[in-house]
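Sequences and hints are given; from them, build the entire structure.
Residue numbers (the working numbering), protein chains in the order written: chain A, -14 to 284; chain B, 1291 to 1541; chain C, 119 to 475.
I should point out that these hints are in silico values taken from the structure, not numbers from a laboratory.
Quick list of the computed label-pair ranges, beta carbon to beta carbon: (1) D86/A to G1469/B: 23 to 31 Å; (2) Q1379/B to G277/C: 51 to 59 Å; (3) H1498/B to L175/A: 29 to 37 Å; (4) F244/C to Q1379/B: 28 to 36 Å.
Below, a list of computed lysine to aspartate or glutamate pairs in the DMTMM-like style, where the Cα atoms sit at most 25 Å apart: (5) K1409/B to E1421/B; (6) K1409/B to D126/C; (7) K1457/B to D1413/B; (8) K124/C to D1413/B; (9) K1385/B to D329/C; (10) K448/C to D84/A.
Please read all numbers here as calculations on a predicted model, not as lab measurements. No residue lacks a Cβ here, since even glycine has one placed at the ideal position from N, Cα and C.
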Amino acid sequence: MFENLYLVYLAPLMGVDLILQGLFIGALFALIAYGLALVWGVMNVKNLAQGDMVILGGYISYQATLWGYHPMLAMPVAIILMFGLGWLIYALIIRRVVDRDMFTSLLATFGLSLLIQQVLNLIYGPEVKVAESGFGNFQLDTFIIIQNVRLYSLLIAGALAIAIVIFMKKSRMGQAIRATAQDARAARVLGINTDRVYAFTYALNASICGAAGVLVAMIWVIQPYYGIVYSIRAFIIVTAAGLGNLPGVILTGFGLGAWENVAGFMFGAEFAVAAVVIMLVLVLMYRLLQSYRVRQVVR
Amino acid sequence: MNSSQPQIEVKSVSKSYGGVVANKDISIRVPHGRITGLIGPNGSGKTTLFNSIVGYHPIDSGSITFEGQEISTLRVPDIARLGMLRTFQQTRIYKKMNCVQNMIISVSHRDEGFGGIFKQAKDRETEQQAEELLNFVGLYQKRNLISGDLSFGQQKLLEFAMALMNKPKVLLLDEPTAGINPTLINGLIDRLKRANEEFGITLFVIEHNMRVIMNLAEEISCLAHGELLATGSPDELQNDQRVIDAYLGAH
Amino acid sequence: MTSARKLDLRVYAGLILFGIITPILFPNYTSQVAVMWLMVLMAVTWDMTGGQMGYNSLGNVIFFGLGMYASAVVQISMFADVAEYTASFGAMYVEFTEVQYFTGLALGIVVGGIVATLFALLIGPFMLGLRGPYFAIGTLGLAVAVAELIAGWGYVGAGSGISMPVYPGVAGESTFVWYILMGVTALLAHLFVRWLYSTQFGLAMNAIRDDEDKAEAMGIRTTRYKVLTWAASAFFLGMGGAIFGNMSGFIEPLEVAFPTATFGIFMVAMALLGGKGTLWGPVLGAILFHIVKEATWTYLLGWQWVALGAIIIINIVYFQQGILGWAQDKWPAAFGLTVDRGPGDQPTGDTRPEAAE
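This is the structure in structure tokens:
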């Protein structure tokens, strides 16, 4: 642990590299968290299958490479396929748990998460896979080497986020979603078909996850059971930033990405996941202490 | 205890939510062993004041003391264990337990020792006390029903009985007659008075029903727009032009 | 009351009889049934917080795994150096005498329970301050974190795990020892919760489940009840983990000790299947779940885990009250719940008859 710290001391630019790399991946985390916050805020469902949907998107791009296409081409396919799948999942499962207590939706999506993991495991096996992008690197300095794919994914994540925000502001459906998020009953009274809004929201989230997954498969490796960590990252970001706080989500996403990269380097790769999950516990504890100060509880 | 010292003293308490001022510089004294009323139109800040007193949120400024002890920074369970309980506007009971169980678990937790919590639930003495109080509010025959199956009015009575079971020094009641069948209101007023006289519990009551509160309370405070408008006996308030204006909506 | 008590005694007698006869008549199934007792233990301890108190933990495997690791460390450290032992990846063979082995085992199981309890007491005040989904996600995160930390900790063998001391007696005999230990622990756990639910403590747990804010407003020391309940469930689960670790012979963090995706979710599913928040629901759920799982597993040709996910979803979405919960709704009288009796019965104490509504 201290050897690595010393390395950074010897070459401070290495630290810059670490943080920079972290920021690039942080954009992806923020995108995934935004999807979670959308579903959470609009329909009050805590989607524990979030990470598994990301991994599912990753396998779509991996499948594209198996068939000899470039993984980036899988992006629109993943968006469309995941949208359909999200709609189907809503119709079969989520519709029936939307109005129930929150543990029900949490557990139902946890079951869904197991289901996705196992289906992927059956089809692709438990080995790690990668969707080779072949984009190469570019070098700013001896110590600052950046994979081009990370740069592209930052740009794509940004573009997707902007597209979604514009959609939410301008389109009919976007306005209906925001109205439903504020007060579902009032929206229903005013003639908004909230069932359709919910279905669309969940499907949109699945699309976001799918797109993020395509990028994840190019940057890192994917494996059927890696989803849970993405779910936890998304929960950390949403819990820390709060619902409906887009700038907060983006900032926290960047922060988490940087922390993870730095912590993984300092404590060793085997503790990278632990560093993320412990961050979740810390964020929850922070919220708890904050609420004690105002004589309240975290719910 | 010094009898000139009020049981609850609220001194220039202010509380705002964001930009909305819910309570502004309010001072109220609730004397020992009496029934004190709190009235005011909807949105005048009555429930906010209640919540401040029993510890649901911090206050912005001012002080709240209970028998001389500052309580404005304590949390709900600590305040409850001092002997100050509140009932809720939206009745809250343990809906999946039966009435007797609801009563038994409502015993005072003030001086409970560590071993006491492992006492058998079906303790004869406690059960008898529970049944007596259920009888007092007229729910004896429903005692073995799951409380969630009771009607709204019955749930309200049960909540009141649970509060009595706790043997509090002060009971804060948030609209005790709201949602109760009008024919039963007189019975409820009678029981509230008896709780005050026989059990010696100080009552501090929010009430919308003017007839009820004028009947019940010895001293009443009236809030409007988050400010204290007037304090006095029922007669004084009934003839106070500011109070009448506040209720008729003339600002 | 007394009829419920009689029924309880009969069920206990039946289960104990079944527990004694099974290994005699079907010795080949002994280890499967031992695992079934473990499942019962898991469902019953999960239900203490999940069903009776409304705190749905997704991370109770922490206690299971901690108990397992604590017992392993104790058992090995009595007669060998743990770091050396684990570093050899099972190559270092320590010959335990029977006396050494059994004292180590007994101590290991007790320490396993105690370590799990201490951990629950340590994290309880913080984690149990979180409500609803935050608690569920927080405990899940904590379980993953503990698993990852142990997977990176060289002293206990990191990701490659620990080979447990080998049972010194006759081959095949050990199965019966694990069977008895597991069965007795499950029975003790159930007797304990049966007693606990009959006390004021049990009522307080239910009060917290029904309306925690109200419980606080009534002055109930909710944190104390919550932490103690979790600690008690951790104690039994820790012992179960210690026994299971010895039964498996080899332990490692992700699949055996802290399996959030198998045992971690099994306990929830079993309690829900049988009916959470009831005394016998988790037992019934665990037995049914285990029998169905063992009977069908091998025929599902790799799809069993997919089927499991589907079963959990269906259970939660369509049949959340569980078997006993459903029965309780249908025949409330059989469960000692009273429906409106109407007037007629008089109070026991000396009370003034009041006009009821």
